[in-house]
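**Student:** Letter by letter, the chains look like this.
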Amino acid sequence: MNSNSTPAQVSDPVGSKETPPQTSPEDNRRDHWALRLLTASSAGRNLGLVLAFGLLCLVGYATAPERFIDVDNFMTILRLASVIGVVSIGMTFVITGGGIDLSVGAILALSSVWATTLATQTLADDTHWIVMVSTALLVGAGCGLVNGLLVAYGKVVPFIATLAMLASARGLAEILSDRRTQIITAQGFADFFRADVVGVPVLVIMFALVAIAGWVLLNRTTFGRRTFAVGGNIEAARLAGINVHRHTVMLYVLVGVCCGIAAIMLMARTTTGSSTHGTLYELDAIAAVVIGGTLLSGGRGTIGGTVLGVLIFTTLSNVFTMNNLSISAQAVAKGVIIVIAVLLQQRFANRSSSP
Amino acid sequence: MTVPEKDAAALLEMRGIVKEFPGVRALDGVDLDVRVGEVHCLLGQNGAGKSTLIKVLAGAHRPDEGEIWWEGEKVDLSSPTAAIKQGIATIYQELDLVDGLTVAENIYLGHELSRGGLLRASEARRKAQAILERLGHGEIRVGQEVGKLSPAGKQIVSMARALSRDARLIVMDEPSAVLDQEEVGNLFRVIAELTRDGVAVVYISHRLQEVKEIGDRVTVLKDGSTVSTGLDAKSTSTADLIHLMTGRSIEYVFPDRRPPAPGAPVVLEVDGLALDGTFHDVAFEVRAGQIVGLAGLVGAGRSEILETVYGARKASAGSVRVDGKRLRPGSVHTAVAAGIGLAPEERKSQGLLLDHAVYRNISVSSMTRFARAGFLGSKQERIAAAEITRSLDVRPAGVDQAVRTLSGGNQQKVVLARWLMRHCRVLLLDEPTRGVDVGARSEIYALVRSLADQGVAVVVVSSEVEEVLGLADQVLVVREGEIVHRGPAQEITEHQVLDLVMAGSAA
Chain A
1 MNSNSTPAQV SDPVGSKETP PQTSPEDNRR DHWALRLLTA SSAGRNLGLV
51 LAFGLLCLVG YATAPERFID VDNFMTILRL ASVIGVVSIG MTFVITGGGI
101 DLSVGAILAL SSVWATTLAT QTLADDTHWI VMVSTALLVG AGCGLVNGLL
151 VAYGKVVPFI ATLAMLASAR GLAEILSDRR TQIITAQGFA DFFRADVVGV
201 PVLVIMFALV AIAGWVLLNR TTFGRRTFAV GGNIEAARLA GINVHRHTVM
251 LYVLVGVCCG IAAIMLMART TTGSSTHGTL YELDAIAAVV IGGTLLSGGR
301 GTIGGTVLGV LIFTTLSNVF TMNNLSISAQ AVAKGVIIVI AVLLQQRFAN
351 RSSSP
Chain B
1001 MTVPEKDAAA LLEMRGIVKE FPGVRALDGV DLDVRVGEVH CLLGQNGAGK
1051 STLIKVLAGA HRPDEGEIWW EGEKVDLSSP TAAIKQGIAT IYQELDLVDG
1101 LTVAENIYLG HELSRGGLLR ASEARRKAQA ILERLGHGEI RVGQEVGKLS
1151 PAGKQIVSMA RALSRDARLI VMDEPSAVLD QEEVGNLFRV IAELTRDGVA
1201 VVYISHRLQE VKEIGDRVTV LKDGSTVSTG LDAKSTSTAD LIHLMTGRSI
1251 EYVFPDRRPP APGAPVVLEV DGLALDGTFH DVAFEVRAGQ IVGLAGLVGA
1301 GRSEILETVY GARKASAGSV RVDGKRLRPG SVHTAVAAGI GLAPEERKSQ
1351 GLLLDHAVYR NISVSSMTRF ARAGFLGSKQ ERIAAAEITR SLDVRPAGVD
1401 QAVRTLSGGN QQKVVLARWL MRHCRVLLLD EPTRGVDVGA RSEIYALVRS
1451 LADQGVAVVV VSSEVEEVLG LADQVLVVRE GEIVHRGPAQ EITEHQVLDL
1501 VMAGSAA
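Here the protein sequences line up with chains A and B, keeping their order.
For the first sequence, position 22 (counting from the first letter as 1) is numbered 22 according to this note's numbering, and the numbering increases by one without interruption.
Just add 1000 to wherever you are in the second sequence, counting from 1, and you've got this note's numbering.
These are computed hints drawn from the structure, not numbers from a lab.
Warning: the hint list may mix true and false statements.
As the list claims (entries may be wrong) - When the alpha-carbon atoms are kept at most 30 Å apart in a straight line, the in silico DSSO-like pairs for lysine-lysine are as follows:
hint	chain 1	residue 1	chain 2	residue 2
1	B	Lys-1379	B	Lys-1348
2	B	Lys-1379	A	Lys-155
3	B	Lys-1325	B	Lys-1314
4	B	Lys-1314	B	Lys-1348
5	B	Lys-1314	B	Lys-1154
6	B	Lys-1212	B	Lys-1127
7	B	Lys-1212	A	Lys-155
8	B	Lys-1212	B	Lys-1154
9	B	Lys-1127	B	Lys-1148
10	B	Lys-1148	A	Lys-155
11	B	Lys-1148	B	Lys-1314
12	B	Lys-1085	A	Lys-155
With the sequences and hints as input, model every part of the structure.
**Tutor:** See the structure below:
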């Protein structure tokens, strides 16, 4: 500490006041702008992901130069990424907050089916297609509310609570639709969501808006800060006065609403509602979130990483499809990417968190 | 206590140990030699390198430079397994027990008794029972889950584990911190027995009188290197030891009491509070500017009283009022909203978000102040946090580093800073100086007193009677969930308090 051993000053019990706090070389190094940029910005933290994404694009260019480097193809990739992307943004919140949601795909299916039942569509015909949109959002939020209440107040572990929701939501979707694909007849709905705005599909714009809103919510609001706190150490968060139960409920409602939005997007893309929509989306979303650098145990998460994770997986399947490689080969490549990404992150995390 | 012969055989010799972490030279040339059958005390302030040194000894860290000799042979403690094989057992401050396993399973964890791959569970239970009895804690049931034991109970299990391995050298990192007076006595008896059998003990403690009582020789560390080694524990004066550690020559300085203004309003009223099976009929009040101390044995219900007042446990009867307004039982959220703050006993697991930045840990309870419609302006937040850390002299000074990198005393200051920022009306402190070094202690005492002078009502729980008596205005003595004495701190002595808490206990 201080090298000049001043005699004890009993009258001033905060004894070390006389030495002004000196910034150690350590602090200076920490404050170096380049290092700060690297450690603080998500671009720095996601450098590996950006490189992987770039590499993937290079492979795409090398194997199918004309078809890959094409505005239409990029829009196709983005449009395909948008639905799972919105689900993954919601998933980022719930995982950062220390939970998990296995029911996202099932909630998406139930929302799409409920929004396209004969009753809903008739009502929409009589009034406005916005009825379908609200239905999807409300169903998503409702399912999320049930998940959240079970986890926060029922003390059911998230894995089990949302596993139960996965089974029952998809079952309910099958009952509602009688396992039949429901065609959307409301022309206004399709016209709105299938449109392009200056060449960019509305679906892609929606994904971008959700991602930006998600980033702001996670990094710039009290809600986001509490999410990190609850996921990082729920007991400390509780004793610090955060209403952790209410917060947990809100996290699951949030991911439910994201599923509702994703349902609307998928309905627009396919012009149908179906109980098979969103099958296995939970695994795709978790994979994208985890390779994006969000800790599965909670307390750390980035929206930018999740977006990159989604883009990597979508681009991968695009490149594979262009080269006429099978879905099975895609699945293998996907698995390899997940493992490599997580291994690299652990390396990085270990190096930066030594005492 | 055994006095080692002058030329007792050297068991362990560490020479010039250096260990660097990115940006920090945690050990910078440490020498330590331990003889067979001695109690060797390791002293030093927090951050002096004690924890790193014992991790090197336990094989958890590999030194960058230096040599380790074990019974005259150079050894390489490359992994915890290698250290255990040599006969070195470590009892960490952060206990490394598996909560979900039973006491017996924990004791034999990693060296399970088995035959042909099948566990010999009943033999393990029997042997575990024998070890616990040797430690004077036969009442701990070997089939019990460790997670349900008190911190003191866990400490005993940790020690039993070391004994089960027939260790030749046992490293104890502040074992007395979670123990009460009676249990410390028990611990010392066990240590004396061990050393008689030729086991050496490296003993780390912040309590200097313990060092005098049990130690044979002392090594003092400061800023990562050995300041002095092989000092005789009995003849070296406390003042000299403190001087070696700090350069200062004060021990605990308790700030002057200023009696609360006569008309000071009652801020916290606790009436008929009870928690089934733990405590009952607890009633007290705290005025603005007053410090009330709760003294008692570990397990007497002191911490539980604080946690129930705070709403972290749901009271089975009684009421808690802040400024006359009754709080909803079992709700931390309403307690915090009413102006109560808690610095919990388990700072790391209950108090802090270890991987988060200092400023975030401070603002976590008052971030709505920096938010407009839910949006955080992190600049004001940082500035406000920096102001408070500067006034509390938190070191290092930056607010962006993870709390994990700070020493115990500075982490405690961060917890206090949180409630300072919130302008809380009632502050509940559970073991505020656990794991805090001598110098930082006085600072924390002064800080608590200055908060009281600003009108905060403070309740302090501590295992150290001296601390309660020195800091509090009013003292409540708790025994087996009951308040057995209340009165001004000046009118009771340490001896009387001990009499009160020990009477009726199993001693």
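**Student:** Now look at each hint and say whether the structure bears it out.
**Tutor:** Against the structure, the hints come out as follows:
{"no.": "1", "hint": "B:Lys-1379 / B:Lys-1348", "result": "holds (26 Å)"}
{"no.": "2", "hint": "B:Lys-1379 / A:Lys-155", "result": "violated (37 Å)"}
{"no.": "3", "hint": "B:Lys-1325 / B:Lys-1314", "result": "holds (17 Å)"}
{"no.": "4", "hint": "B:Lys-1314 / B:Lys-1348", "result": "holds (23 Å)"}
{"no.": "5", "hint": "B:Lys-1314 / B:Lys-1154", "result": "holds (25 Å)"}
{"no.": "6", "hint": "B:Lys-1212 / B:Lys-1127", "result": "violated (33 Å)"}
{"no.": "7", "hint": "B:Lys-1212 / A:Lys-155", "result": "violated (50 Å)"}
{"no.": "8", "hint": "B:Lys-1212 / B:Lys-1154", "result": "holds (26 Å)"}
{"no.": "9", "hint": "B:Lys-1127 / B:Lys-1148", "result": "holds (21 Å)"}
{"no.": "10", "hint": "B:Lys-1148 / A:Lys-155", "result": "holds (19 Å)"}
{"no.": "11", "hint": "B:Lys-1148 / B:Lys-1314", "result": "holds (18 Å)"}
{"no.": "12", "hint": "B:Lys-1085 / A:Lys-155", "result": "violated (43 Å)"}
Of the hints listed earlier, those the structure fails to meet are numbers 2, 6, 7, 12, in rising order.
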